[in-house]
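Under the numbering used here, the sequence shown has 160 at position 16, and the numbering climbs by one with no breaks.
Please keep in mind that the hints were generated in silico from the structure rather than gathered at the bench.
Be careful, since some hints might not be right.
[Unchecked claim] Below, in silico cross-link-like pairs of lysine-lysine (BS3-like), each with a Cα-Cα straight-line distance of 30 angstroms or less:
1) Lys204 to Lys221
2) Lys204 to Lys146
3) Lys221 to Lys146
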Amino acid sequence: MKSGTELRNCFLEQIRPDSAFHLLFDYLPGVLFFAKDRDGRLLAANRALLQLYGYSDETKFWGVTDFELLPYSLAEKFRQDDLRVLETGEPMLEIVEVFINRQGIPEWFLTNKLPIRDLDDRVIGVMGTIQDY
């Protein structure tokens, strides 16, 4: 089995160079960013998302799924949304969602999920942004 870092590198190598994927990292003040492969493993995130989940070492974050970070019911809802994007190839935009923070307090966010495509135009993952609602 590949390490989280190896999974991440293989995933990033498949992304079309003209995709907006790489640009998102540079222009995200106040916004959380993530990218997952088809299996729901987190393979890219901005610093704000890493900090939200308490990760100071990003290499320990790669390969983790929502089920390892969130309550099951919330992780399952996010996975179903991801599967919809993966299956249809269509984005899901302006989704109002609730997250439970590390203190157990619910917080409302606006989420956008978009497909990540490879050089052959196959959907290979989901990327998204999360911001306060």
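* Which of the listed hints are not met by the structure? -> Hint check: nothing fails, all pass.
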